[in-house]
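Participant: We have chain A; now place chain B onto it with these hints.
2 protein chains.
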Amino acid sequence: MAAQISFARGAPSLDIVDVEGLRAAAESAFRSDPAGMTAYGTAVGYRPLRAWIAEQHGVAPEQVLVTNGSMQADAFLFDALVRPGDTVVVERPTYDRTLKSLRQRDADVRMVELEPDGIDVAALERVLIAGTAPKLAHIIPNFQNPAGYTLSAAKREQLLSLARAFGFTIFEDDPYGRLRFEGESLPTMFSLGGDVVVYASSFSKTVCPGIRVGYLVGAEEVIARITKLATSAYISPNMVAQAIVFEFCRSGALERSIETVKDALRERARTLCEALTELLPEARFVAPQGGYFLWVDLPRGTDVTRLFDAAARRGVQFVKGEDFVLEGGESSLRLAYSGVTPDEIEEGVRRLADAYAEVAVMAEPAAGAPAG
Amino acid sequence: MAAQISFARGAPSLDIVDVEGLRAAAESAFRSDPAGMTAYGTAVGYRPLRAWIAEQHGVAPEQVLVTNGSMQADAFLFDALVRPGDTVVVERPTYDRTLKSLRQRDADVRMVELEPDGIDVAALERVLIAGTAPKLAHIIPNFQNPAGYTLSAAKREQLLSLARAFGFTIFEDDPYGRLRFEGESLPTMFSLGGDVVVYASSFSKTVCPGIRVGYLVGAEEVIARITKLATSAYISPNMVAQAIVFEFCRSGALERSIETVKDALRERARTLCEALTELLPEARFVAPQGGYFLWVDLPRGTDVTRLFDAAARRGVQFVKGEDFVLEGGESSLRLAYSGVTPDEIEEGVRRLADAYAEVAVMAEPAAGAPAG
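So the sequence lines, in the order shown, correspond to chains A and B. The first sequence finishes on residue 372 if you use the numbering used here, and the numbering steps up by one all the way, no holes. The second sequence finishes on residue 372 if you use the numbering used here, and the numbering steps up by one all the way, no holes.
Okay, chain A solo, but in the shape it has when bound (with noise of 0.2 angstroms):
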């Protein structure tokens, strides 16, 4: 068993990477396009690319933009549609990266709870009719990152009435969309009202995260905006890159390496499921069906940076919950179950148990007996 088992980042493990997908989709690449992926290209991306995320989209190809990683996508969203001072709603809690980007950019950060079916539509309405005028709100709607929840299709058609009445873009912010393990998959907000909605997504959890490609799908004006940031930028994005993706996604190895991932991904939530249930029994969480990540819940005053810690000390890494928040999430924290095998996902639950009793008893000591 490793002695480390990190269930902090929110990556694959590398035996769910179609390496020799990607070896052959190179090989392809290059006698295929020589000129079109060694030259700079434009900002748009790697045209075949573009055509190709545009089609799966039902949209023209001047609606998509290329971008190096999801990540750059955002930033030029952001940098394109966030003045200081402007106000965002995000989920509570979020991604940590988004907040940063957003505190970064002197943001007024909104942050609104997130419930197992999605963002609170109702608290949102409220703060809205209170005065609220969001330019955006951030939602991620499929197995949220932390949280692993799924926004309703009741609520996405809530979010988009909300956006036409206030007049605000809703941000969807959809890596994991293609990684559903269990149920239906619901329609993206995109789709069901594109003109209030810029769509962003990533091969980074479908082909792998090193190959740095994600893209925005919106507007045409909204693109054409974000295009001319992008050049300013870095001229053009990776054709190499691109040209591998592409190769990769037309060959029929993108939809060979979405089963592998999800049959793992499965494999290794219901593992997580189970080992929390037996051996923390403490911990409140719904089980996700799809994406990287599972939000624990642990009883009220139990204080997670000393988990960390305890965690730590027996080779465990997880992210804590206050890192997702503006305030609180003390009690809480984020399990990726992406990179770790199952039976590092027991051993490392069997870990945190027992680092969970040290705390607890510590917490409690009048209770007499050790939790967990």
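Rather than coming from a laboratory, the hints here were simulated on the basis of the structure. One thing to keep in mind: the hints can contain errors.
Chain copies aren't distinguished; within one or between two, either way the pair holds.
Claimed, not checked - The calculated lysine-lysine pairs, modelled on BS3-like cross-linking and capped at a C-alpha distance of 27 angstroms, are:
{"id": "1", "residue 1": "K100", "residue 2": "K228"}
{"id": "2", "residue 1": "K228", "residue 2": "K320"}
{"id": "3", "residue 1": "K228", "residue 2": "K262"}
{"id": "4", "residue 1": "K100", "residue 2": "K262"}
{"id": "5", "residue 1": "K135", "residue 2": "K262"}
{"id": "6", "residue 1": "K320", "residue 2": "K262"}
{"id": "7", "residue 1": "K320", "residue 2": "K100"}
Facilitator: Quick look at chain B alone, frame taken from chain A:
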């Protein structure tokens, strides 16, 4: 003969890109380090490539940041060092994208005349003594874009002295340094006095532009600051592309590629100079010793905007001199010979001379005879 002959884009023609070497490097990279190249990595870049670059420059790896192209490196450096209103010295003329990038950041851009042996150091000194206190001086030391000129050894030392005396940083922007096809290489300013220099280069001209791999070398403290900006912009740069470049470098393909590129550029530059001398004797230029570009001054009063249109009607493209300066440049132009074959160069200059004759006749109706 091609209908369109472009002297506009500073990019190599496909015949001098080692596509087969790149394909082999990709194959080799996927076999030798699948884990390293498919995972996220960190913002410093693919570590084996970073270490290779550090060794080339005789520095510690912590002094190197590998980015998605050197344009992105420039942008990070400006973000780290240049605040709105800060003075930045640039050469006149200079790379149009650098000018744009600095103006977007509301820098106070001061152009100092570029002479055939590099920036007019005496003029710069006068400006400094008069009280201008730049944060940064942006210098393209070798085969400058757009002029093709090279900074002399003496001026390199003088610039370093000025930087030390007046407390500014030299940004040594050197994508063409390895492409010297005549004469002796000169030491980089970074190697002569690294403490006041941040050095940038790229594999765009020695491997291919579509691979988008550039880098910065500087003091550890500056590199650490810029690494933070890179992390929040894109988590990590393209690991797949950087691993391919690393294999290309360590296999020896890089050195072979540089020889191929230099041989082609030598012939293209010579052909261009000979054709200009023969067919457009009004053109004043300095024969380049390396790189991609040749700067042409036409007789004062020549309207290069009209020449541009007249050339375009004949299927010839170039970039107008005025794009590389804040004001002036109306009778100058930049010819890139990197993307055109010798045959195309001869035919292109023939058409350009023909366009010049049309414009010159219209400009000087009193002269009575066609020019050129």
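Participant: Work down the list of hints and note, for each, if the structure agrees.
Facilitator: For each hint, the structure was consulted:
1. For a Cα distance limit of 27 angstroms, the shortest separation of K100 from K228 qualifies both inside one copy, at 24 angstroms, and across copies, at 12 angstroms.
2. In this homomeric assembly, K228 and K320 come within 27 angstroms of each other (Cα to Cα) only across copies, at 21 angstroms, whereas the closest approach inside a single copy is 37 angstroms.
3. For the identical chains of this complex, K228 and K262 are neighbours neither inside a copy (36 angstroms) nor across copies (33 angstroms), given an alpha-carbon limit of 27 angstroms.
4. For the identical chains of this complex, K100 and K262 are neighbours neither inside a copy (29 angstroms) nor across copies (45 angstroms), given an alpha-carbon limit of 27 angstroms.
5. Taking CA atoms no more than 27 angstroms apart as the test, K135 paired with K262 passes in neither setting, with 35 angstroms inside one copy and 52 angstroms between copies.
6. Taking CA atoms no more than 27 angstroms apart as the test, K320 paired with K262 passes inside one copy only; the shortest distance there is 26 angstroms, against 54 angstroms between copies.
7. In this homomeric assembly, K320 and K100 come within 27 angstroms of each other (Cα to Cα) only inside a single copy, at 15 angstroms, whereas the closest approach across copies is 42 angstroms.
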